[in-house]
Every structure is written in structure tokens, then in C-alpha cells.
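> Model the full assembly from the supplied sequences, consistent with the hints where possible.
Residue numbers (the numbering used here), protein chains in the order written: chain A, 25 to 369; chain B, 25 to 369; chain C, 25 to 369.
Treat the hints with caution; some may be incorrect.
Treat identical chains as interchangeable: a pair holds within one or across any two.
[Stated by the list, open to error] Straight line, CA to CA, 30 Å or less: simulated DSSO-like cross-link-like pairs of lysine-lysine: (1) Lys192 to Lys150; (2) Lys353 to Lys218; (3) Lys150 to Lys218; (4) Lys368 to Lys339.
Derived by calculation from the structure, the hints in this document are not laboratory data. Keep in mind that this is a model prediction, so the values were computed, not measured.
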Amino acid sequence: MMAYSLGEIVERFGGELVGDAGIRVGQVAPLAIAQTGHISFLANPKYRRQLLDTKAGAVILGIAERDSTALPRILSDNPYAYFAKVSALLNPPHVEQPGIHPTAAIDATAVISDSASIGAFTFVGKGARVGEHAVVGAGCHLGDGVEIGGDSLLYPQVVVYHGCIIGKRVILHSGAVVGADGFGLANENGRWLKVPQIGRVIIGDDVEIGANTTVDRGALDDTVIEDGVKLDNQIQIAHNVHVGAHTAMAGCVGVAGSARIGRHCTVGGGAVILGHLEIADRVHVSAGTLITKSIHKSGEYTSVMPFSAHQDWLKNAAHLRHLDKMAEKLVDLERKIDELERNKP
Amino acid sequence: MMAYSLGEIVERFGGELVGDAGIRVGQVAPLAIAQTGHISFLANPKYRRQLLDTKAGAVILGIAERDSTALPRILSDNPYAYFAKVSALLNPPHVEQPGIHPTAAIDATAVISDSASIGAFTFVGKGARVGEHAVVGAGCHLGDGVEIGGDSLLYPQVVVYHGCIIGKRVILHSGAVVGADGFGLANENGRWLKVPQIGRVIIGDDVEIGANTTVDRGALDDTVIEDGVKLDNQIQIAHNVHVGAHTAMAGCVGVAGSARIGRHCTVGGGAVILGHLEIADRVHVSAGTLITKSIHKSGEYTSVMPFSAHQDWLKNAAHLRHLDKMAEKLVDLERKIDELERNKP
Amino acid sequence: MMAYSLGEIVERFGGELVGDAGIRVGQVAPLAIAQTGHISFLANPKYRRQLLDTKAGAVILGIAERDSTALPRILSDNPYAYFAKVSALLNPPHVEQPGIHPTAAIDATAVISDSASIGAFTFVGKGARVGEHAVVGAGCHLGDGVEIGGDSLLYPQVVVYHGCIIGKRVILHSGAVVGADGFGLANENGRWLKVPQIGRVIIGDDVEIGANTTVDRGALDDTVIEDGVKLDNQIQIAHNVHVGAHTAMAGCVGVAGSARIGRHCTVGGGAVILGHLEIADRVHVSAGTLITKSIHKSGEYTSVMPFSAHQDWLKNAAHLRHLDKMAEKLVDLERKIDELERNKP
Numbered sequence: 025m026m027a028y029s030l031g032e033i034v035e036r037f038g039g040e041l042v043g044d045a046g047i048r049v050g051q052v053a054p055l056a057i058a059q060t061g062h063i064s065f066l067a068n069p070k071y072r073r074q075l076l077d078t079k080a081g082a083v084i085l086g087i088a089e090r091d092s093t094a095l096p097r098i099l100s101d102n103p104y105a106y107f108a109k110v111s112a113l114l115n116p117p118h119v120e121q122p123g124i125h126p127t128a129a130i131d132a133t134a135v136i137s138d139s140a141s142i143g144a145f146t147f148v149g150k151g152a153r154v155g156e157h158a159v160v161g162a163g164c165h166l167g168d169g170v171e172i173g174g175d176s177l178l179y180p181q182v183v184v185y186h187g188c189i190i191g192k193r194v195i196l197h198s199g200a201v202v203g204a205d206g207f208g209l210a211n212e213n214g215r216w217l218k219v220p221q222i223g224r225v226i227i228g229d230d231v232e233i234g235a236n237t238t239v240d241r242g243a244l245d246d247t248v249i250e251d252g253v254k255l256d257n258q259i260q261i262a263h264n265v266h267v268g269a270h271t272a273m274a275g276c277v278g279v280a281g282s283a284r285i286g287r288h289c290t291v292g293g294g295a296v297i298l299g300h301l302e303i304a305d306r307v308h309v310s311a312g313t314l315i316t317k318s319i320h321k322s323g324e325y326t327s328v329m330p331f332s333a334h335q336d337w338l339k340n341a342a343h344l345r346h347l348d349k350m351a352e353k354l355v356d357l358e359r360k361i362d363e364l365e366r367n368k369p
Numbered sequence: 025m026m027a028y029s030l031g032e033i034v035e036r037f038g039g040e041l042v043g044d045a046g047i048r049v050g051q052v053a054p055l056a057i058a059q060t061g062h063i064s065f066l067a068n069p070k071y072r073r074q075l076l077d078t079k080a081g082a083v084i085l086g087i088a089e090r091d092s093t094a095l096p097r098i099l100s101d102n103p104y105a106y107f108a109k110v111s112a113l114l115n116p117p118h119v120e121q122p123g124i125h126p127t128a129a130i131d132a133t134a135v136i137s138d139s140a141s142i143g144a145f146t147f148v149g150k151g152a153r154v155g156e157h158a159v160v161g162a163g164c165h166l167g168d169g170v171e172i173g174g175d176s177l178l179y180p181q182v183v184v185y186h187g188c189i190i191g192k193r194v195i196l197h198s199g200a201v202v203g204a205d206g207f208g209l210a211n212e213n214g215r216w217l218k219v220p221q222i223g224r225v226i227i228g229d230d231v232e233i234g235a236n237t238t239v240d241r242g243a244l245d246d247t248v249i250e251d252g253v254k255l256d257n258q259i260q261i262a263h264n265v266h267v268g269a270h271t272a273m274a275g276c277v278g279v280a281g282s283a284r285i286g287r288h289c290t291v292g293g294g295a296v297i298l299g300h301l302e303i304a305d306r307v308h309v310s311a312g313t314l315i316t317k318s319i320h321k322s323g324e325y326t327s328v329m330p331f332s333a334h335q336d337w338l339k340n341a342a343h344l345r346h347l348d349k350m351a352e353k354l355v356d357l358e359r360k361i362d363e364l365e366r367n368k369p
Numbered sequence: 025m026m027a028y029s030l031g032e033i034v035e036r037f038g039g040e041l042v043g044d045a046g047i048r049v050g051q052v053a054p055l056a057i058a059q060t061g062h063i064s065f066l067a068n069p070k071y072r073r074q075l076l077d078t079k080a081g082a083v084i085l086g087i088a089e090r091d092s093t094a095l096p097r098i099l100s101d102n103p104y105a106y107f108a109k110v111s112a113l114l115n116p117p118h119v120e121q122p123g124i125h126p127t128a129a130i131d132a133t134a135v136i137s138d139s140a141s142i143g144a145f146t147f148v149g150k151g152a153r154v155g156e157h158a159v160v161g162a163g164c165h166l167g168d169g170v171e172i173g174g175d176s177l178l179y180p181q182v183v184v185y186h187g188c189i190i191g192k193r194v195i196l197h198s199g200a201v202v203g204a205d206g207f208g209l210a211n212e213n214g215r216w217l218k219v220p221q222i223g224r225v226i227i228g229d230d231v232e233i234g235a236n237t238t239v240d241r242g243a244l245d246d247t248v249i250e251d252g253v254k255l256d257n258q259i260q261i262a263h264n265v266h267v268g269a270h271t272a273m274a275g276c277v278g279v280a281g282s283a284r285i286g287r288h289c290t291v292g293g294g295a296v297i298l299g300h301l302e303i304a305d306r307v308h309v310s311a312g313t314l315i316t317k318s319i320h321k322s323g324e325y326t327s328v329m330p331f332s333a334h335q336d337w338l339k340n341a342a343h344l345r346h347l348d349k350m351a352e353k354l355v356d357l358e359r360k361i362d363e364l365e366r367n368k369p
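Structure, rendered in C-alpha cells:
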């Protein structure tokens, strides 16, 4: 386990150090369980109480919290981002030995960088390329012509279909499937004809894609995931979707075909975005929300039915099927009252 | 790249050709990016503007669009289906060489057609059968007794549990799991007892199942997916579900146990169909809709809360927990007004 | 196929036998298709009609159904649990031969019990341990330091990331991914920084996890799935979630980060539970429900918009965006009526 002094950390990442620069920390931990040798953080004032009791060796705080503790502390205007950097310093990624596992099946025409690592039982197709220091875990499948950018990391059992392009420093988690056919069907007399999906998936740099997430190849054009996009687990991105840079989506989101999502958006867990829509930059879709129309203005959007105890729900939900009648009645009553008022003695 | 003349295409697929039968096209493309040598199509009048500017060598149009362009054109009463056929002609499926990859582990009692192809690291269990010209991609798992019909295509890393039967010309995408145990549990004093799932999954001909979709085996009877069904990615089909022929479901749909879904239905993305229901033929379930009761009549069904800007939603949603009180008030007001009206001077 | 007499069954599992103890049954079947040699059951009075017509050799019934048939019958106060036990007796799990498939890649420092079975193309990392009689199917991946408890069963193509701990008698279905990184991101000037996920996943005894379900590793602490939890397919459990013992979740559920779910809960299909919530013991969340706040009291909770024919929905849903105005109007009308009443002649 590496350890760094607070002085070294501040030298590296900036921020203001209050306290002994020689204190050394070797791991991050939450306030409640941190011990000497740990560095912790407070990003949400809600947990300030834990700051009083923590046994951490040092803490990372917002500037306004300068006097909230006597512990050695680093002040930052973005303590959570600061913490992320310190944690990345203390927990460097596992480095794989370069080389190709003897069980891997690599086509003779594939080009694998000498500094890349290919795991056991991994298949690499014709003309595929794996960049410098890239790690392709065990049991992965790279179809013909796939390109994996430098420093990318594929966990075990990722599938990338033929022709798809993955940028640099991309992380793909296990079970992710990139480039399966989009759901392109034409109906002829009640039968579905398959529309060949001849586009690709193009994934930019610094993208992370979660476990069992699927990104379909384009029908005619490509499906595009721009730089810095972060997709959690179990997400479905349909064909020809375009996700703008630095947009993040939580687990179980579904995005239907040809939706065009802006940059710096966030999409909450379980939300669904219908197809052929445009979503502006910096739109935030709440968890569980269904987006059925384009959104042209930045902001937060929601379509959630509030939950309640089942018996209360039963009583209230019954009226949802009769809102139109309720509204009609209201209009009717208004009219009657108007009349009564006009006739007031 | 193959190319066909418009004359050859019309000879093969019918339709009316207007213009030079000798024009050759080698690929399909959308109107906006098509070039000479491409054939494009217009199926939705909304995109008619693009028809004016397209550089496509030829286009496929509905009969009513005969005079919408001077380009060489094929008129069809179903231009999108016609386009699907032309695209399939120009983009024939990749043909795998027959044979078994030397790394595959095939049980001695399995029967693999000489014309079939089995990929690297694929496991085929006891007594399993793979039909003529079937392709089982790399890293697949076929359990004991599995049958894969002729001309079927399993992309890499599909799992088919023991005893399941897959028809002809079926496509299974990567990460699909066919035949895992249904969620059968009996509660005894707060503990869950597993109910053995002894049924199978039976999949008909011409079915396509998307990436990471799961179809569970039956508890006692079989789970059945009839001919021509198309399932997108990330769908969950629970045990003993019966999906009627030519029904299509978009991504992220969940169908609970023993639901019986008719033929020629469509289910929108993210919809959920509860268990032990019957859904008639030609029912269309909107995206994001939860079906809680049987539907006996063809038609479209919806249960979506419309989205709005979060601040507006907050104001409106608060009342959803009080609809019953609102309805009571309405009744009360009606009564009072009746009384006032009766007492009118 | 084994067969047991009703006498042997009652001796083993209790219950009251009415009829010939020597009748032998070799398989379970539903009432509607059971034949001589089958034992069936009635747990839901709704299907009592089928009891009249069944050709089953014997049936398992609730005590109140003693006189509902003349067939040989076993009476139990929990006939479905009784049936589960009889079915488990008649359908014992497939026993794998102990041993390591010659194609498996096992690190020299891994410790595999002599009675365990490791399938083809399976990778076992450094220091991993596989307990007695455990079965790890083909194409699985056990990262460094993973522990698999005795009698556990991993179906093909399960991935367990480094350091995760799986209890005894656990079943993991194909495509399940245990221990992928949680979705931990800090935003700095519009870019997402990855927060290293240094916790593990700890899974208790007697847990079952469905196909393509994902359970993420903790950010700092561990993600914990307690004993006896049952998770269906396509579920997403985010980092630092804690699921209490004997809780069951149906397919497609999503649980966001740091949610703490009690014991003996049930969560219906497609439900979503937001992060940092606490859910008490014995809470039942309806299918398709979104839980946005902590629930401190046992009971059933629901947030479902009832579905209707699309045309009806259109009429009603339009008012959902104007509930606040409707409520205002109601208040206004009440005021006016009060005034009219006060002015009554």
C-alpha cells in the first residue's frame, strides 16, 4: 500500500492545507469508519455530524468548512472531485502484464500493440487493432475490424461486434455488448422483415460503459457515444442514437432509436427516452421518467407518479381514469356558480 | 461490393420502375447522405424535403410519391419493406466457413451438421444438435440436449440452457440467455424454497432475440416463443410466458410469469406486462406502460404520466396523492350547488 | 426417473395422507396435464375446477380442500411449499463430476476443493477459492481473491470480479455480473472523474441471482446481499446497497446506490428504488413502482398510473399537467359557494 503525505497531495492537486503537512495517508475511507492513516471527505453538509466523531487521519473539506474540525484538512472548492483524485492516487488501477494469453485466439491479421494485454479465451477477429497499454480481459470477443484505443480496459466477457471503434481510455464492464444489430424491422403483411444494420458504433475517448449495457450498431449511419460519456449498468442504447459528450446515465435507462441527446446531460435510473427526439444540452431527466417529446431547453424534467401506501393509491388511482369527467364537472360547476352569482338577489 | 441494376431489382422484388432500368446501385443510404451508386427511400412524408436535395442514384417511394422527384425511382405500396429487401440483397449476411473451431469443446454425443460452423471456445453439451448451415459464434454455451435449427445464427456468448429448442433461421444476439430458471419460489415461514423449473424454452422459426435478453424456462410446462417473434435487447421473458407469432417487443420490456400474449402484438420500450394475464391478438402496448389486467380487445393501450419541467411537475404531482379528496369535494360542491339552485329566488 | 410412494413422501415431509399410501409418483405436473404417476397440487382456489378433471395420480391440497377430490391426496397447511419440496425430491439437481476441465485456466495460487467442478474455458484468478461440491460452469470468470462457498452453483458465463465473496448454496445464473464498478463519478468543470470503487460484494448463503443481473461492488464499503435473498433476472443492484435477508425481487428491478432494504421484503417487476433510502422490513413494493423516499413502516406501496385504451388515456392524461389549476379552481368554487350560501335569502 502506497502512502502520501498531505504535503505531497497538496503539491499534486492544489487546495489549501491546514495542519501538519507531514501526516501520511494510505487509503480513503468514509468518515464513519476511517482510522489513522485514512483520509476522508465531507461533500454533503448533511454528514457534518460524522466529521465531529471521525478517527480519520485527515479530511478533505469545502472551503466553508475550514473551522468545522481540528483535524489536518485540505480545503477545496470541489471536495468530492478532490477526493476522487486522491482516491485514484491511492488506488491506482491494477496493471496487467503486456502479452497475449496462450489460450487466446487471435486472427493473424489482427494488430495487437506489444504493450497491450489480451486475456485467456479471448477472440480477436480479422484486421482488429488493440492500442498501446490496452487491456482486453478474459473471454472477450472483438469482431473483425474492431479498434480498441490505447489505455482502454475491457473487463472479462465484453463483446464488440465487427467494425465498431472504441476510443482511448475507455472502460467497458463485463457483459457489455457493443454493436449488436439495431431493432430494424419492416412489416409486410403481418410478417417482420429484417432491415440489415450496416452502421457501426463509434465510442469516443474517456467513456465508461457499465456491466450488461448494450449499445446497438446503426441501421445506415453510426451510433455515436461522444467523449467522456458515462453509462451505468443495464442500459440500452438503440441504433443511431447520438449521446453528446460528458453526458451520464444511471442504471436501467433505455434510449430508443435515433434519439439525439445533448452534452452534459444526466439521465436518472430507469428513465426511458423515446426515439427520434432531440434533447438539448444540460437537460436532466429524473429517475423513472419517460421522455416522449423533444426537449429544447436546459433544465430538469420529470414524469413520476408519486408512490403511496397501496390502499391510498387504490383510492386515488381510481380517479385517474376519470380526470376528463372531473374536469368537465368543474367547468359545469363554474358555469352554474356564475349563473347563481349573476342571479344573486 | 455487389451492385444491381434497377431493372434486376424490380424483376426480383416487383414494384414499378420509373426511369433508367440500367442504373446500378451497390448500397443503401439515407436520403441526406446518399451518393451516386446508392439507393435511398422515403417511407415517412415528414422527410420529403430531403428527397428534393438527395444525391442518391435512385429512390424507393410510395405510389403517391410518383411525381415527388425526377430521380430514377421504384414505386411500391410498402416502400420501407421494399427497402428492407433491397438492403438485404445488397448486404448479404456474412457467411462463416463450415466447421468446428479447434478450441471448441463438443461432447462426443452432440450432432453437428457438416455445414454448420462452431466458433472458438464454444461448449456443446451431451446430445445437443446443431442444424444445417447454422452458425454458433465464439464463446457460446449449448447445454445438454439443446437443438439449434438450420440456418440459425448465434452471435458470440449466447447461453442456451439444457433441453431448450431453437427453431430455424433464428438469430440470437450476444449475451442472450435462453432457459435459465424461472423465478419460482414458495414461502415457508419467511424462507424461500426453490421450486424446480423443469419446463423448457421452445423458440419457433424466424425469431430474433436481442443482446442481453433473457427467456426463462418453464416451471412445469414450457415457455413458448412462436414463429416470427422479434425481441429487442434487455428484455425479460419470465417462465411459462407464451408469445404469439409475429409479435415484436422493443428494448427493456419485462413480461412476468405465465402471461399469454397474442399474435401480431407490439410492446413499446420499457413496458411491463404482469403475470397470468391474457393479451389478445393485435394489441399495441405503448412505451413505458404497465399492463396490470388482461386485454381482450385489439387496440392501443397506454399508462404514461406525461413529463414536464420539474417545477411544474412538483406542483401537479402533489395533487395526485389527494385525487380522492378532490373528487369528494367535487361531489360536495355539486350537492351544494344543486341545493342553491333549488332555492333560487 | 425416481419414483416415491405417497407414504414415503409423507414420512419425509409430514402432512396428512388421505388415500392409498402405496401409490407411486415420479414427477410433478400441473392439474390440467398431469397423468397417472404424476403428483399435482392446488394452492389457489381459483383453479379448483381443474381439480375435478385432473388425471393426476395424487394431489397436494390445503387442509380446507380435504373433501374437494376423491384422489389420493396429501393435506398441508402450505400446499405450495409442500409441492416445492416434493418437486425438489423428484427433480434433484444435476450432479457434475468433480474435477477441472482440461481447458480451464486456473491460477497456480487458487485453491479448488477436490469435490468441486470447474467447467471448460473458465478462468480462476490468483488466490481464489472454490468450496466443496461447488460447481462453476463453463466460461465463468472468477477474479483474483474471489471466494465461492460450498455447494454453490455458477451457471455458464458468470463473472465475479476480484475480491468478491459468495456464500454457500448460492446459485448464480448465466450472464450475472457480480462486483463491477459502482457508478461513482465526481464532476469537475463539466467532466466526470472516476471515483475508484474499492469495496467488494458480499453475498450470503442460499442466495439466488438471476440471468444478466448485476450487483456492483461498493465504493468504499461493501455491497451486501444477506442470506436467503432471491433476485430474478435483469436486476441492477448499485454500489453500497444492502439487501436484507430473505428479500425477493422480481425481474428488471433497479436499486440505486446506498439504498438499504430490509428483510423479508418483496419488490415487484420493473420497480425502481432510489438511492440513499431506507426500506423497513416486510415492505412490499408493487410492480412498476418508483420509490423516492424512505419507507419506515411495513406494508404495500404503489405508484402506478392505471392503463387504459389509448384514446381514453389521451383525454385523461391531458389534465395531469393541469392538476394544480384544477385544485385552484376547486378552492375558488368552494369560496364562491360559501359566499352564495351565506347570502342565501
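> Each of the hints needs a verdict: does it hold here or not?
We went through each hint and held it up to the structure:
1. Lys192 to Lys150: This pair counts as both: shortest intra-copy Cα distance 21 Å, inter-copy 28 Å.
2. Lys353 to Lys218: Cα proximity of Lys353 and Lys218: none, with 50 Å in one copy and 53 Å across.
3. Lys150 to Lys218: within (26 Å within a copy, 33 Å between copies)
4. Lys368 to Lys339: neither (37 Å within a copy, 35 Å between copies)
Checked against the numbered hints listed earlier, the structure breaks hints 2, 4; every other hint is satisfied.
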